[in-house]
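The hints should help you fit chain B onto chain A, whose structure is shown.
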Amino acid sequence: MADAVSPRTAAEAAPKGRALRAFLRHRGATVALFLLTVMTGAALLAPWIAPYDPEKINILRSLAAPSAQHWLGTDEVGRDVLSRLLFGGRVSIVVGLVAATLSVAIGVAIGGLSAYFGGLLDAVLMRFTDGMLSIPLFFFLLVVMAVFGSGLTQIVIVIALTSWMPVARIVRGEVLRVKALPYVEAAEALGARRLHVILRHLLPQTVPSVIVAATLGVANAILLESALSYLGLGIQPPIPSWGNMLQGSQAYVWSQPLLALWPGLMIFVAVMAYNALGDGIRDALDPGAG
Amino acid sequence: MPKYLLSRLAQSAVLVVIVSIVMFALIASAPGGPAILYQEDVDAEAAATMRRNLGLDDPIVVQYARWAAALVQGDLGTSLSNSRPVAMLIGQRFGATAQLALASLGLALVVAIPIGVLSAVRRNGWFDRIATAGAFMGVSIPNFWLGIMMIVLFSVTLGWLPSGGTGATGDGGWLERLRHLAMPAFVLGTSTMAQLTRYTRSSMVTVLREDFVRTARAKGVPQRTVLTRHALRNGLIPVVTVIGVLVPRLFSGAAITESIFSWPGLGRLAVDAALQRDFPVIMALTLVVSVLVIVASFVVDVLYAVIDPRIRYG
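Chains A and B, in that order, give the protein sequences.
Counted the way our numbering counts, the first sequence spans residues 5 to 294.
Counted the way our numbering counts, the second sequence spans residues 12 to 325.
Heads up, a few of these hints could be off.
[Unchecked claim] Pairwise CB distance ranges, derived in the manner of DEER restraints:
no., chain 1, residue 1, chain 2, residue 2, range
1, B, 137, A, 256, 36 to 42 Å
2, A, 125, B, 14, 40 to 46 Å
3, B, 67, A, 34, 52 to 58 Å
4, B, 133, A, 189, 54 to 60 Å
5, B, 70, A, 131, 25 to 31 Å
The hints are simulated quantities; they were obtained by calculation from the structure and are not laboratory data.
Using N, Cα and C, we set each Cβ at its ideal position, and we do this for glycine too.
Next comes chain A alone, as it looks inside the complex:
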């Protein structure tokens, strides 16, 4: 492979290299990528690097201050805070990534169909999208979690079902723009099937903006999950999640205020990092913007 660099691959490599350089120049995004790598790595390795079992209760050592044995102290029933933070990260990352992927899939399907076929289908799908955007979805989330219980699967599905709308709008706009270009007309004139035109010619053009929307979607999903867990409608204790750790800690702000600091800080950093990453990717892929 390495001995024959064809002109074609060289030509392809150039814009990719440019985008990568543009991304790396974006200091915030580079820092964000580093932080996310560390956080994801720590969460994935939690079973091996966590000093204690995150659900192991030890009433005798409850609400202990940070010490050599418990770097971040212990919670109200003596569980190790550091271990719970590491395991809690798994919940946030899984919910964030899976929910964002699902919502992008829904958004691409609805936006793409709407733009390609137009007419009545477009009108119906877009009214539906507008409608979804105009109702207070958090109430809807509360109801669904109350009704169907609060497992990981339910949270992922519900977040995906309530956050695809921006993606659908973006994809629709992009497809409408590309559809009018001559090469799509040429493909259709050459007798390309509809599905072929959609998959090969239209959707690839939406990839940059969809990647940006997906990255911001991860941040949004992490925030929603932790908010639901904080309210007691998300991940249920004893399974640790950053949201339910915060809920547990609020009762002890008077005696052990540090307890509330860590889980929220993790959510804040993760959300900010995904937002910065999204901004960085947008700037890298679209040098004209900003």
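Chain B in isolation, oriented as in the chain A frame:
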């Protein structure tokens, strides 16, 4: 009324009906039913009787029809948890949420618009950089954590502000209420503030590049007048539409903020009802909040046409 606005109103009405059907279907298909059936002193037989009396054994369509018929007559139903009329529960708590939402929206506007304008005028300067970083943090910070951290700082450590409640029951008067309102309003307003700052900035940046601004400057109009008379008038128009988009989020935020600060509003009522599976309360709240949000965005649409003479509906 112009045709466009009428058709929007009709669309909104259809939307409310659809929302209510979806919510009802969701709730009715819930496995288990309301939490009240699982209290310790309720045995299987009593639970069955309660189900029958509440009409939970009827087909969903019948249940919905009964609910809608009552609604049309102004009856929102009765809470399953405490047997009070839902309309009364909502009426008692509406004021608290309205107060909180208006205070946070007002705070967000007062802070965000000057910052956004100044950022746009001194683009890429140190003020703009700080404001941009602040806005970025404002949209990323989980408001429940911000709330708890503020309690730690202002209530636990400094002892300046109360950590919860409205202060309405005490004898402190309006100052006491204001002290209770300060933290919840700020926490609820943070993300709105951050987003409004961004929108104001980008809208003003665009307007300041327009020909008429250049012309005004070329004529020798002072910077202050260019800003207030020419740029601000046009730059704030898109900001008004954004407020319409932010109102639904304000209600979502209220559910969280009211829980942190034990604020006795609709948001806290919704969370409690969800935890209790108190379905009549949830149904009524969803409906009331949806209507409020739709009315708010409708008002914003009309305002948009009023402040921008170039826009005519119909």
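**Q.** Structure versus earlier hints, numbers of those that do not hold, lowest first
**A.** 2 and 4
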